[in-house]
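**Q** Given the coordinates of chain X, assemble chain Y onto it according to the supplied hints.
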Amino acid sequence: MTGAYAEGAAGPRKTEASGPLLAATGLRVTFPGRRGGPEVRAVDGVELAIGTGEIVALVGESGCGKSTLARALLGLLTPSAGSVAFAGEPLAYRARALRAYRRRVQLVLQDPSGSLNPRHTVYDAVAEGLRVHGVPGGRDERTAVARALARAGLRPPERFFGRYPHELSGGQRQRVVIAGALVLEPELIVADEPVASLDASVRGEILALLLRLRDELGLAALVVTHDLGLAWNIADRVAVMYLGRIVETGTVEEVLSAPRHPYTRALLSVLPGGGAEPVVLTGEPPDPARVPDGCRFHVRCPVLASGEAERAGVADACRTRDPAVLPAHGRDAACHWAAAAGREPDGRDGG
Amino acid sequence: MSLLEIRGLRVTYGRGPSAVPAVRGVDLTLAAGTTLGIAGESGCGKSTLALALLRLLPSSARLAGTVLLDGEDVLGMRWGRLRTVRWAGASIVFQGAMHSLNAVHRIGDQIAEPLLVHRRETAAGARRRAAELLEQVGLPASRAGAYPHELSGGQRQRVMIAMALACAPRLIVADEPTTALDVMIQAQILRLIERLVAEQGIGLVLISHDLAVLADTCDRLAVMYAGRVVEEGPARTVYDAAAHPYGRALSAAFPRVGDPASRRAPRGLPGDPPDPAALPDGCTFHPRCPVALAGCAEEDQPLRAAGPGAHLAACVHVAGAPVDGPAGGRP
Numbered sequence: 024m025t026g027a028y029a030e031g032a033a034g035p036r037k038t039e040a041s042g043p044l045l046a047a048t049g050l051r052v053t054f055p056g057r058r059g060g061p062e063v064r065a066v067d068g069v070e071l072a073i074g075t076g077e078i079v080a081l082v083g084e085s086g087c088g089k090s091t092l093a094r095a096l097l098g099l100l101t102p103s104a105g106s107v108a109f110a111g112e113p114l115a116y117r118a119r120a121l122r123a124y125r126r127r128v129q130l131v132l133q134d135p136s137g138s139l140n141p142r143h144t145v146y147d148a149v150a151e152g153l154r155v156h157g158v159p160g161g162r163d164e165r166t167a168v169a170r171a172l173a174r175a176g177l178r179p180p181e182r183f184f185g186r187y188p189h190e191l192s193g194g195q196r197q198r199v200v201i202a203g204a205l206v207l208e209p210e211l212i213v214a215d216e217p218v219a220s221l222d223a224s225v226r227g228e229i230l231a232l233l234l235r236l237r238d239e240l241g242l243a244a245l246v247v248t249h250d251l252g253l254a255w256n257i258a259d260r261v262a263v264m265y266l267g268r269i270v271e272t273g274t275v276e277e278v279l280s281a282p283r284h285p286y287t288r289a290l291l292s293v294l295p296g297g298g299a300e301p302v303v304l305t306g307e308p309p310d311p312a313r314v315p316d317g318c319r320f321h322v323r324c325p326v327l328a329s330g331e332a333e334r335a336g337v338a339d340a341c342r343t344r345d346p347a348v349l350p351a352h353g354r355d356a357a358c359h360w361a362a363a364a365g366r367e368p369d370g371r372d373g374g
Numbered sequence: 006m007s008l009l010e011i012r013g014l015r016v017t018y019g020r021g022p023s024a025v026p027a028v029r030g031v032d033l034t035l036a037a038g039t040t041l042g043i044a045g046e047s048g049c050g051k052s053t054l055a056l057a058l059l060r061l062l063p064s065s066a067r068l069a070g071t072v073l074l075d076g077e078d079v080l081g082m083r084w085g086r087l088r089t090v091r092w093a094g095a096s097i098v099f100q101g102a103m104h105s106l107n108a109v110h111r112i113g114d115q116i117a118e119p120l121l122v123h124r125r126e127t128a129a130g131a132r133r134r135a136a137e138l139l140e141q142v143g144l145p146a147s148r149a150g151a152y153p154h155e156l157s158g159g160q161r162q163r164v165m166i167a168m169a170l171a172c173a174p175r176l177i178v179a180d181e182p183t184t185a186l187d188v189m190i191q192a193q194i195l196r197l198i199e200r201l202v203a204e205q206g207i208g209l210v211l212i213s214h215d216l217a218v219l220a221d222t223c224d225r226l227a228v229m230y231a232g233r234v235v236e237e238g239p240a241r242t243v244y245d246a247a248a249h250p251y252g253r254a255l256s257a258a259f260p261r262v263g264d265p266a267s268r269r270a271p272r273g274l275p276g277d278p279p280d281p282a283a284l285p286d287g288c289t290f291h292p293r294c295p296v297a298l299a300g301c302a303e304e305d306q307p308l309r310a311a312g313p314g315a316h317l318a319a320c321v322h323v324a325g326a327p328v329d330g331p332a333g334g335r336p
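Chains X and Y, in that order, are what the protein sequence lines are. Using my numbering, you'd call the opening residue of the first sequence number 24 and step up by one each time. Using my numbering, you'd call the opening residue of the second sequence number 6 and step up by one each time.
Isolated chain X (complex conformation) (with noise of 0.2 Å):
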């Protein structure tokens, strides 16, 4: 097979000059909610864009909706509104077409001991990418595979071949994994909490595989995690996410540096070892079935039941009105308090 990618390679490689490589537009993702209650809402209406060479941290708690998210982003599930665009094409939903297409996309999923079949061997693993899109076997195989395992920090690969998963320790089994996504040279990677099951001094070394796959190959990443501190270290630009919406979205920088919405501030507010007085919302989540009227998050936030929000007038609105959905692109916080607060230069200061 040819690579896509030479050895060695300098600087990001470009599909495209302009234009995202994957694009969600009005993206809606609905179940029917259980003993005919109300329909759940997962994905509630997301704009989101991810460049070539770029790599998106989508941030968010359990159930707020970014794995749904992610799985639709990958065709695993069929939008109920909005759509899926792939270096400017939508997707197709036929088989064929979603083949062709998750061979450009690839998915890293959590719990490399759970995504492994413990009776194949790591070459089994790492090749069968390759013949499930029908790539002949023979020395073309053994390179793609050796050349996959290399990259993903495995070496001598050839050392790799025959172990089993059993005999790795946790951390080679994820660049296993991974070196299986890598096998069939995708232009984008969704990684779902690609380290969240590490020991702490094997996730910085995943991590920095992860940015050295950028810078090397190019490779695209959405990364969907709930740890901040992952998208501070490898990410150039965040999503937050709450329940089904994308809430704050920016570089890294300035919504991890400087974060507007409420939610984005309480989370950034009880990250340990921080230092700084935390903000610990109290209750859970709401249930995606039941999303609160107005802004889905008044309900919780800090600004309104402090009266914050009410001495900058936009109490009322909290409760009544629904924040725009945020465009892809940009930086913006869906939040009536953080807009009125934008357009008062230091109004910013009370919350």
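Calculated from the structure, these hints are not laboratory results. Quick caveat, the model's predicted, so the values are computed rather than measured. It is possible that some hints are incorrect.
[Claimed, not checked] Where chain Y lies over chain X, by a calculated footprint (3+ residues, C-beta under 8 Å):
1) 184–197
2) 210–217
3) 255–265
4) 287–295
5) 300–308
[Claimed, not checked] Sample of chain X residues lacking proximity to chain Y, with all beta carbon distances greater than 12 Å (derived):
6) G60
7) P61
8) A120
9) G317
10) D345
11) A351
[What the hints assert, rightly or not] To give a feel for the contact side, a few chain Y residues facing chain X, derived at Cβ under 10 Å:
12) L219
13) A254
14) G273
Think of the CB as a built atom: it goes at the ideal place given N, C-alpha and C, for glycine as much as any other residue.
**A** Below, chain Y without anything else, positioned relative to chain X:
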């Protein structure tokens, strides 16, 4: 007298040539009303240590050393006395509340059970106390009739904490109590634990792989590697200015959001933690150590004084005098 004093604790799984040393000589002390954090990665022996404190290990484990709880040696206790001490003297909160609760019993009954067994309370008295405990951990007493599957992960962890508090123990050992939880729920649970420790004067041993969580929550912090404590000291000092190269690497592996030094610079440590069944000679950290000297492959290091506040580290680069036995002194 300290609430908890661990001296020369060793735990070995199996016998003969295939014996695996999981804990290899640990000395630690804890005063009532304070919190000791134990940090380390998978396989470092921290969970084995936690279980050893209450002799909850499988029969293949052999223990040596002493564990003094209020001056009484837990390892030498007779079975009947040990049963009384578990729950009433010391209790344990395990990781993964999902699996530690009985799926077919209502949570109120599960909280009441130790009260009926260990305190001989009446059914009505135990029910009343269970309702109180639920309120203490921030759950409405009306939830007593719920089954575990009806609760979220954070709520289940609160139930586990209520159970641990049931018999008003002097010591609580919490093994990764917030690991599977989201950051916001984790913050709620940690605040709850902090408040209970302060209000009730409980001693808490908090075990986690997350050094940042421990630095925030604990008074003192011990870092374990390959079955030994390689660094111990005031929690904030160990997190911000570790003296052992492993402590430094572990601390650097937790990114500080907003700190330019960790932006686009994830830091790990090459290699993997050693297999307890095949530990390297000398200092067990030397194969991964960025500052190892030639002698480190042969000679292991004792804990040495590394700074004020009884800060200790077991490294050849730490110049202080070797320390014998438990560090003991509070800062």
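**Q** Decide, hint by hint, whether the structure agrees.
**A** Consistency of the hints with the structure:
no.: 1; hint: 184–197; verdict: holds (count 4)
no.: 2; hint: 210–217; verdict: violated (count 0)
no.: 3; hint: 255–265; verdict: holds (count 3)
no.: 4; hint: 287–295; verdict: holds (count 6)
no.: 5; hint: 300–308; verdict: holds (count 5)
no.: 6; hint: G60; verdict: 16 Å, holds
no.: 7; hint: P61; verdict: 19 Å, holds
no.: 8; hint: A120; verdict: 36 Å, holds
no.: 9; hint: G317; verdict: 21 Å, holds
no.: 10; hint: D345; verdict: 22 Å, holds
no.: 11; hint: A351; verdict: 22 Å, holds
no.: 12; hint: L219; verdict: 8 Å, holds
no.: 13; hint: A254; verdict: 6 Å, holds
no.: 14; hint: G273; verdict: 3 Å, holds
Hint compliance for this structure: hint 2 is the single one not met.
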